[in-house]
Structures are given as C-alpha cells and as structure tokens.
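If you read the protein sequences in the order shown, they are chains A and B. Position one of the first sequence corresponds to residue 1 (our numbering), numbered consecutively onward. Position one of the second sequence corresponds to residue 1 (our numbering), numbered consecutively onward.
Only true hints are included.
27 angstroms max Cα-Cα, derived BS3-like pairs, lysine-lysine: (1) B:Lys2 to A:Lys10; (2) A:Lys170 to A:Lys242; (3) A:Lys12 to B:Lys102; (4) A:Lys168 to A:Lys246; (5) A:Lys10 to B:Lys102; (6) A:Lys268 to A:Lys132; (7) B:Lys90 to A:Lys10; (8) B:Lys90 to A:Lys12; (9) A:Lys204 to A:Lys176; (10) B:Lys102 to B:Lys2; (11) A:Lys132 to A:Lys69; (12) A:Lys268 to A:Lys170; (13) B:Lys2 to A:Lys12; (14) A:Lys129 to A:Lys168; (15) A:Lys170 to A:Lys246; (16) A:Lys176 to A:Lys246.
Everything labelled a hint here was simulated from the structure, so no lab data went into it.
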Amino acid sequence: MQNLIDFIVKYKHWFVFFLMEGFCLALLFRFNNYQGSVFFTTANSFVGGIYSAVDGVTSYVGLNAVNEKLEAENEMLRAEVHEMKRELAAHRIDTLRFDGFNRARYHFVGAQIVNATTNHSLNLLTLNKGEKDGIRPEMGVICSSGVVGIVFLTSDHYSTVMPLINVKSKVSCQLKEHLSFGTMEWEFGSCEFGYMTGVPLHIKASVGEVVETNGHSDIFPSGIPLGTVERLGQSDDGLSQKLTVKLAVDYTAVRNVSVITNYHHAEKRTLEFQADSLMSLD
Amino acid sequence: MKRDTYIRLGRMVLLLAVQLLVLNHLHLFGYATPLIIGYMIICFETSVSRMSLLWWGFGIGLLYDVFSNTMGMAAASCTLLAMVKPSILKLFMPRDMVESFKPTIQNMGLTRYIWYSLSCMGLLHFTFYFLEAFSLSDLLLTIGAMIGGTVLATLISVCVEYIVRNRIEEREVGK
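Turn these sequences into a full structure, and let the hints guide you.
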C-alpha cells in the first residue's frame, strides 16, 4: 500500500497530465463539430465492429438450439409432405374418392446418434430414443441427406441402428430414372461407398444417377435417396450388374436423424404370417 | 515566489492579448498563424515543478481556446508541451547546471536557444494543427501551416527574448 502511494506521489504529474489531456480531448470533441463527428463516427464503427463480432459468437453458440428446432420442423414437414403425397396419389386415381379417415402411415421421431462405429464390418449406431418414444425394431432411420439404416434392437430409452455400412445390411432400392429394382449392400472397406446389386444387365444405368428407396418394404417410403451411382460394373457371376454407389449420408458427421415409425408394418407382417400359416395348413 | 507568480500572470495576459488581437489576424501565406503563447511555457526555469508547469500550460491553452473558439486544441497542445518541455530543455542546456536554470539567449547561446525554441514551437504547432485538421486529407496544407507557424513563432520568440532581456539588463546595469 505504501509502495502504491509512493508510486502515485512520484508520478503524480503523469496522472495529472493524462487527466488534463483527457479533459482537453473531451472539450475538443464536445465543442468542435467536425472533430466531434469524426470521433463519434470512428467510435461508432469500432463499437459496431465489436458488437457484430460478439453477435457472431453468440449466434454460433446458439446454433445447437437452432439446429434442434429446424430438425423438429423438418420432421413435421416430412410427415406433412408424406401425407400430401398420399393424398395426391389418391386423388389422381379418382378425384371423387376421399380417404380422410385413414391416418398417415408414416410418422417421424427425431433422435440423435450418441454412439457410432464406422471402421468395423458390423458397424452399429446408437440413438438416444427407444421404445418409450415409439421406436420398434425394423423401423427405417433417415437424415436430411438420405437413408441412414434400419433399427436393429431397442431398449426403453435407446435403440441401435444397423446402418447401410454393415455387411449384413440389405435395403431394397431402385434407380430413380430407370425404375429398376436392386438391393443396396455394403462390403467391408470405405464407409463412403456401397453396392447396388441385382440390376438386370440390359439396364443402362448412368454415372451420377440417384439411387433411392422403392417403397416395397414398408420400412421406408419411396423416393428417399440412398446415394448416387459412382461406377458401373458386373457382379461376380456375371448375371447382373453391381453398381458402386456413393452413399448420400456421411457416417462420420451425421448426428441428427429421424426414425420413421410405421405402425402398420407389424399389422401387415401379422396378416402375412397368418396367411402363410393358413396356406401351409392346406 | 509571489512576485514570480504576478510576473507570470502579467506575462500570460500580455502574450494572450498579443496573440488574440494581433497574431490571430496574421495568416502568413494564407494559413500559417504563429502561436506565441508557447513562449510562456518555454520561459519557465528548471526550478519550477512539473505540476505547476502543467497547470500554467493548461491554463494559458484553455484561456486561448475560450477566446479564439478552438475548444480543447490549444489546451491539449500546451499541456503536452508543458509535459515535454523539461526533457527538451535537458537536451540543450549545459550539463553541469545544478541550480535553477533559466533558458535565455545569454545562458544558452543564440544557436542553442534557437534550436530549443524551434523544437518546442514545432511540437506545439504540430499538435495544434493536427488537432485542428483532424484528418490526413490536405496533409500538405496542414504541414505547411505547422512549419510556417513554427518558424514564425520561433522568430518572434527570439526577437522578444533579445529585446526584453536586453532592456532588463540595461535597466539593471543602469541601476
């Protein structure tokens, strides 16, 4: 404390000097229009720069919340689009028929990937939603860029997903322009590419053509992209084509996904099972 | 001590009057106006404390500002000159001086005095005209005003020094 006082006493003329200069500058900017305007313009642009930098940081920090909101909105819109499509299809067949009582088959549940492997042959993803959120095994999982995979196992609050990049994964798909069916498979290796097998030899697929779901399996609605054709080729037995497909989903970066909950699926399966068993009785 | 203060006050009033009534209407080459009020600060002896030097500089600058409608400009430059003046004087005064040293032509010699006066006036005019222009456009005009004002103010201060000191000496010799 004594040192501080000594310091102030020793250099008091400096303090007084700066006070006086500050006072002079205040007078200068207060009573001289030109100097004042220059000073305040500069100060304003400086402060404005700081504010915009702060705003940039705050909005970056807030991106997570914005992302979640957008994702929720996306789910709503996807459900709406799906319902509209169904409605539209119904009206195309017969404009007088109105199937308003039939609820939309597909609903969407937003979830986040909390664990993922991409470097094994049997890769799995873990979602932070489970049976309590309405997720059941064999439901489709998509994200904004395309198909992610199919739900494999579920617990109360979590579920595991078998992504396209799993050697056991098989997803029914079609070429968008040729409407030719095939199966999307994966071989252990790069998580960027999968293979579409079972395409007949006469189909002239082109590089860059979109591969999408065909809606046969009831797991995915039709028209959801899986990827684009990267290279043409033949299967090992030479009976069909085997197209190398660049997957639409980047598994190293994907985080927010939607689970497609099709509760009619189980009903359909039960019905088919009953039919099968009745047939075998005969 | 009190006598010194009265003399300084008288000198301040006289300098302000000359500055405001005569020199402010002098625009050499159209823009160079010498600020003779700096002479007030140049004259101070080394025995005067830095604090009182600051107050004198601030005071005369502020008074000039009030009367010539240049709020803050002369006050800021005079305060700066008062702060730096002891250091400038140290550069030009003989090294073995210990007691109170008065910067006059007799004590320093003409050349040294002119250099001393030129540096002080240069600083004063540089600050003043920079604050007045407050931009780097018309830089040549501003520099012209700085140089013209500095040279003129130095000339005047040397002349005043010559005349006044000689008078005082003559008077003292006459006594």
